[in-house]
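Engineer: Please construct the entire structure, taking both the sequences and the accompanying hints into account.
Heads up: the sequence shown begins at 1 in the numbering used here, then just goes up one per residue.
Please note that a few of the clues may not be correct.
Said to hold, decoys possible - Mimicking SDA-like on lysine to any residue, the simulated pairs with C-alpha atoms at most 20 Å apart in a straight line are: (1) K230 <-> L11; (2) K230 <-> F35; (3) K230 <-> S59; (4) K152 <-> Y213; (5) K177 <-> S162; (6) K152 <-> H120; (7) K152 <-> H128; (8) K152 <-> T127; (9) K144 <-> Y129; (10) K230 <-> F29; (11) K152 <-> T220.
Keep in mind that the hints were calculated from the coordinates and are not lab data.
Bear in mind that the values here come from a model prediction, so they are computed numbers and not experimental data.
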Amino acid sequence: MSIQNKRKLPLSSILWVIVFIMFIVTWLFYHTTLFVSYRPGVEDYLPVEEYRLYDSHNSSEDILRSLTDVGYNTSLFSSNGLRRTSRGIQPGASWEEFVEAYGDVRAQSYSAYDFSEDEHSDEYYDTHYVNDMTVREYDEQYIKTGIINMDKEELDIVFSFSTQGTDIIYTEEERDKMLERYYDSYFSFGFIHGSFYPAYHSISLNFTFYPPYETDGYDTPVLESISLYKW
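Structural biologist: Given below as structure tokens:
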């Protein structure tokens with residue numbers, strides 16, 4: 001009985017396989033969020049693990065572990081498939097319910113629109129486009145004082161954090177430093193260009209409130225949609 005010798009893989013081929021694997025891992029590290037490490041939350045900011053939308057089966061996708069950009073959108077007018085946040089908020093919630101759930105959280109931005117075609121003063125833009133404030137602070141300073149009238153204006157609230165490599169960035173100061181070091185190391189040689197630092201990614205959780213006349217069946221402002229984005 002003859003014994004057939006198994007052909008061994010040449011050493012050079014093994015090395016090429018290792019190099020290819022290292023290239024793929026390096027590319028994923030520099031261009032995706034797969035290797036982001038969860039870090040303890042920063043006071044006032046929405047924790048990373050809450051950037052999820054849950055369906056009726058209580059399941060969700062971890063947006064950080066997705067290879068592609070992911071966007072979910074849920075609408076009040078949808079007949080099925082409504083998703084909710086980790087704090088139980090879903091389309092159809094009132095402003096008061098939203099404040100109760102997210103009052104302690106600092107949003108990146110608040111944008112209000114009155115749909116008017118008239119020209120607006122600088123004061124209008126100063127009060128209708130506000131950044132870096134907790135939901136409860138915004139409620140006290142802009143909603144309860146009547147500066148923003150939710151019976152007539154659409155309101156968008158954005159919670160956001162950024163990533164670079166394995167790092168998670170919550171604050172504006174951290175984000176500025178990250179972008180500065182990224183572009184300081186940026187290079188370009190013909191068609192080859194990039195940075196010695198990993199790519200910048202932003203993940204946001206957006207809430208949009210509509211006034212009553214924009215929402216069938218409701219006589220008070222209501223949460224129209226929730227969107228989760230990564231880019």
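Engineer: Checking against the hints above, which ones are violated?
Structural biologist: 1
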